[in-house]
Amino acid sequence: MDINQIQDEIIDEFAFFEDWMEKYEYIIDLGKNLPLIDPSKKDEDHLIKGCQSQVWLEAKDQDSTIQFTADSDAVITKGIIALLIRVLSGQKAQDIAETELYFIDKIGLREHLSPTRSNGLVSMVKQMKMYALAFQHKS
Amino acid sequence: MDTTTERTPIRPFEITEIRRDFPILFREMNGKPMVFLDSAASSQKPRVVMDALVHYYEHLNANVHRGVYKLSQEATDAHERGREVTRDFINAASTKEVLFTRGTTEGINLVAQCYGRQFIKAGDEILISGMEHHSNIVPWQMLAEQTGAVLKVIPVTERGELDMEAFDKLLTERTRFVSIVHISNTLGTINPVKEIIDKAHALDVPVLVDGAQSAQHLAIDVQALDADFFVFSGHKVFGPTGIGILYGKEKWLEAMPPYQGGGEMIKTVTFEKTTYNELPFKYEAGTPDISGSVALGVALEYMQEIDHDAIQAHEQDLLQYATEGLSQIEGIRFVGEAARKASVISFLLEGAHPYDVGTLLDKLGIAVRTGHHCTQPLMDHYGIPGTVRASFALYNNREDVDRLVAGVERAARMLR
Chain A
1 MDINQIQDEI IDEFAFFEDW MEKYEYIIDL GKNLPLIDPS KKDEDHLIKG CQSQVWLEAK
61 DQDSTIQFTA DSDAVITKGI IALLIRVLSG QKAQDIAETE LYFIDKIGLR EHLSPTRSNG
121 LVSMVKQMKM YALAFQHKS
Chain B
140 MDTTTERTPI RPFEITEIRR DFPILFREMN GKPMVFLDSA ASSQKPRVVM DALVHYYEHL
200 NANVHRGVYK LSQEATDAHE RGREVTRDFI NAASTKEVLF TRGTTEGINL VAQCYGRQFI
260 KAGDEILISG MEHHSNIVPW QMLAEQTGAV LKVIPVTERG ELDMEAFDKL LTERTRFVSI
320 VHISNTLGTI NPVKEIIDKA HALDVPVLVD GAQSAQHLAI DVQALDADFF VFSGHKVFGP
380 TGIGILYGKE KWLEAMPPYQ GGGEMIKTVT FEKTTYNELP FKYEAGTPDI SGSVALGVAL
440 EYMQEIDHDA IQAHEQDLLQ YATEGLSQIE GIRFVGEAAR KASVISFLLE GAHPYDVGTL
500 LDKLGIAVRT GHHCTQPLMD HYGIPGTVRA SFALYNNRED VDRLVAGVER AARMLR
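Residue numbers (my numbering), protein chains in the order written: chain A, 1 to 139; chain B, 140 to 555.
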């Protein structure tokens, strides 16, 4: 599936939730079940420091696509990371660099990606795109 | 001028009526009736304060202190009345000692720079504590960098109190200034500032008291405290944002150089030499926040009208009720358990990040603050990334506490 197909799929899934708490229960589950980042990568080099929560991000290129793994100390942040990874990981570098992440807005989580929230997520998305740009120019 | 005799009769504290004074309490947040528990960051405003702002712009707006026309005189009177009300509120000896600032932060920066540049030299020690807000750390670090002075820190105990034995040792003949928070914004601890001031004065060391939190909760008497400087913000005492107060003893304000140059603060200007205006105007360059000073006066009068002992009893009841309610929740850990506390509760849920707890409470309509509360060194001391903080003001009630406890219980279940 391409990036936008996955975004639309997530939007459809979230349409089923009746209220905020259900939505967050799902995000928390995603966070708890996110495959862990390799512990050796949870270091200063991979750290994106937010004021509220912190994020670790690692990127690997594999057959002209990029694989992301990530972690956070806050489980809701981690759940949103799981969604971002589902959308972007395994995609082509060029697609990642050029994509517009509209699903966050559509499922009502924009506040978590507001620059003033300072939970590391905005910088994480920027970082994912930077990796994509870098890999693109490498290949 | 003593206005205590003219003061409005004390209004009994009746929580339902108090709440009606604050229209914002009746709005919804995320589809739920809002519970506002972040008054330590900024308090809500009573209707009279909003009315004062509108009234000022509708009837009084003109620049102050210079106009020969009637309107400017009326604006000046209203502005200076705000100063007089503030003087009375903190029981300063004179309005010369009451300076308008933008807030607590600016007040501390003003003292650090003006007192510091005049009186602090390389090797001198400035004493603060481990529970200071960043705004009572960074200005002194800047001064230390400029002058070669050294910053010393009074440690905080596990319960969240100042280690007074350590203070006794840190206060020496090298100490040139003490700057200390009255009530910790993160822990709620009420510090023994009177004792600190007395001990510092015994060595001729002046003391600044950061009253950002205390002005909302305690009756302030700068003369009884014998504080050299006392700073607070208007928006935390039910007034508007953008205005604050720096109280300073006249002898210091006379001896210090001015902060910023410009209009208002001068007597005469030639290209060769400028002479400065008298107190308090010497420190008030530029057009002041006139609507702010007017409305701040109204906010302080609002507080003074209500039976203060009853407000304190109410806030202490909320603190106790909330502490009891929250302590029933499995895995809760309080950060800050001082013997003397204002109505501020910081806590953590085992296995849950403060950001997660705050996010879920928000969706339940409950406004709390999460994070390090601009006290990163204090968080490092406890080895935690931050806390969830609920703070109660005079307009909160037991239902607010019930909603908080139920919300935290629910968050705990979801995050476990």
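Wrong hints could be hidden among the right ones.
What the hints assert, rightly or not - Straight-line distance between alpha carbons at most 25 Å, and here's what the computed DMTMM-like set of lysine to aspartate or glutamate pairs gives: (1) A:K49 x B:E167; (2) B:K502 x A:D105; (3) A:K106 x B:D501; (4) A:K41 x B:E167; (5) A:K106 x B:D519; (6) B:K502 x A:E98; (7) A:K49 x B:E548; (8) A:K42 x A:D29; (9) B:K171 x A:E25.
Stated by the list, open to error - Quick list of the computed label-pair ranges, beta carbon to beta carbon: (10) A:N4 x B:N200: 51 to 57 Å; (11) B:Q257 x A:E98: 24 to 30 Å; (12) A:M21 x B:T380: 29 to 35 Å.
Calculated from the structure, these hints are not laboratory results. These numbers come from a predicted model, not from an experiment. Just so it is clear, CB atoms sit at the ideal spot from N, CA and C, and this is done for glycine as well.
Status of the hints after comparison with the structure:
1. With a C-alpha separation of about 33 Å, the suggested pairing of K49 of chain A with E167 of chain B is violated against the 25 Å cut-off.
2. Restraint check for K502 of chain B and D105 of chain A: the C-alpha separation of about 17 Å stays at or below 25 Å, so the hint holds.
3. The hinted pair formed by K106 of chain A and D501 of chain B meets the criterion: a straight-line CA distance of about 19 Å does not exceed 25 Å.
4. The straight-line distance between the Cα atoms of K41 of chain A and E167 of chain B is roughly 43 Å, outside the 25 Å bound, and the hint therefore fails.
5. Straight-line distance between C-alpha atoms of K106 of chain A and D519 of chain B comes to about 38 Å, which puts the hinted pair past the 25 Å bound.
6. A distance of roughly 33 Å separates the Cα atoms of K502 of chain B and E98 of chain A; the hinted pair therefore is violated under the 25 Å criterion.
7. Distance check on the hinted pair: K49 of chain A and E548 of chain B sit about 29 Å apart at the alpha-carbon level, beyond 25 Å; violated.
8. With a CA separation close to 21 Å, the supplied pair K42 of chain A and D29 of chain A stays within the 25 Å bound.
9. With a C-alpha separation of about 18 Å, the suggested pairing of K171 of chain B with E25 of chain A holds against the 25 Å cut-off.
10. For N4 of chain A and N200 of chain B, the Cβ-Cβ distance of about 54 Å falls inside the hinted range of 51 to 57 Å, so the restraint holds.
11. Between Q257 of chain B and E98 of chain A, the C-beta spacing of about 59 Å breaks the proposed range 24 to 30 Å.
12. Between M21 of chain A and T380 of chain B the beta carbons are some 33 Å apart, a value that agrees with the proposed interval 29 to 35 Å.
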